[in-house]
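Chains as they are written, first to last, in our numbering: chain A, 13 to 91; chain B, 13 to 91.
Please note that a few of the clues may not be correct.
As the list claims (entries may be wrong) - Using C-beta positions, here's what the derived DEER-type ranges look like:
1. A:P64 to B:D71: 36 to 46 angstroms
2. B:S46 to A:A65: 20 to 30 angstroms
3. B:Q39 to A:E57: 33 to 43 angstroms
4. B:K43 to A:K43: 40 to 50 angstroms
5. B:D71 to A:A31: 20 to 30 angstroms
6. B:V25 to A:L26: 29 to 39 angstroms
7. B:K75 to A:S45: 14 to 24 angstroms
8. B:F66 to A:E61: 37 to 47 angstroms
9. A:K72 to B:D62: 15 to 25 angstroms
No wet-lab data here; the hints were simulated from the structure.
Only a predicted model underlies this, so the values are computations on that prediction, with no experimental measurement involved.
From the three backbone atoms N, C-alpha and C, an ideal C-beta is built for every residue, glycine too.
Protein chains: 2
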Amino acid sequence: MKIIVNVTPKKTVLDPQGAAVGHAMEQLGIKASSDVRVGKTIEFEVSSEDTPAFRVQLDKLCKDLLSNPVIEDYRYTVS
Amino acid sequence: MKIIVNVTPKKTVLDPQGAAVGHAMEQLGIKASSDVRVGKTIEFEVSSEDTPAFRVQLDKLCKDLLSNPVIEDYRYTVS
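Looking at chain A on its own, in the form it has when it is part of the complex (with noise of 0.2 angstroms):
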């Protein structure tokens, strides 16, 4: 089973690096018609099934290690 997990810094913090992505994007031609966002991607796969405790154990590590939820929101996809 493949886990992607995405966090990005929530709609209401400040994102200096994203402003200057979209700073330097203009220059290339690319208007951004929103606020551009810098995150983190964590990629693993696991051996282990993909039950409802699992998804608990999955949430916890997001929570605790993965992001800090103060500042950042968390998503992941399961395949």
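For this one, chain A is given, so just place chain B on it according to the hints.
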């Protein structure tokens, strides 16, 4: 149109950050059956149409600004 670009270190490139996350995950009870890779995710919206010309521009953006093609792979989703 929402664009999500994922940039990850190439398989052959050492990822110490990913290795550290892998070790920490084991402490939390999730054992990854593969290397853990930590990359970047860049999210933004554009108002232009999804044309082949736009894709070319987007590829150029990914190669020139958002990733280092020597050590990183990128992929994007347009939705």
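Item to complete: May I ask you to test the hint 40 to 50 angstroms on the CB atoms belonging to B:K43 and A:K43?
Response: With a Cβ separation near 45 angstroms, B:K43 and A:K43 satisfy 40 to 50 angstroms, so the hint holds.
Worksheet item: Is it true that the C-beta distance of B:V25 to A:L26 lies inside 29 to 39 angstroms, as the hint says?
Response: Holds, at about 31 angstroms.
Practice prompt. With respect to the beta-carbon atoms only, verify the hint that A:K72 and B:D62 lie 15 to 25 angstroms apart.
Written response: Taking Cβ atoms as reference, A:K72 and B:D62 lie about 38 angstroms apart, which means the hint is violated.
Fill in: Status of the given 14 to 24 angstroms range, CB of A:S45 versus CB of B:K75
holds (22 angstroms)
Item to complete: Take a look at whether the Cβ-Cβ distance between B:Q39 and A:E57 falls inside 33 to 43 angstroms.
Response: With a Cβ separation near 18 angstroms, B:Q39 and A:E57 fall outside 33 to 43 angstroms, so the hint is violated.
Worksheet entry | B:S46 paired with A:A65, Cβ distance criterion 20 to 30 angstroms | holds (21 angstroms)
Practice prompt. Go ahead and decide if the range 36 to 46 angstroms is satisfied by the Cβ distance of A:P64 to B:D71.
Written response: Because 40 angstroms falls inside the window, the suggested range holds.
Worksheet item: Should the hint that B:F66 and A:E61 are 37 to 47 angstroms apart at their CB atoms be regarded as holding?
Response: holds (41 angstroms)
Discussion item. Taking the Cβ atom of B:D71 and the Cβ atom of A:A31, is their distance within the range 20 to 30 angstroms?
Written reply: holds (23 angstroms)
Hints 3 and 9 from the earlier list are contradicted by this structure; the remaining hints agree with it.
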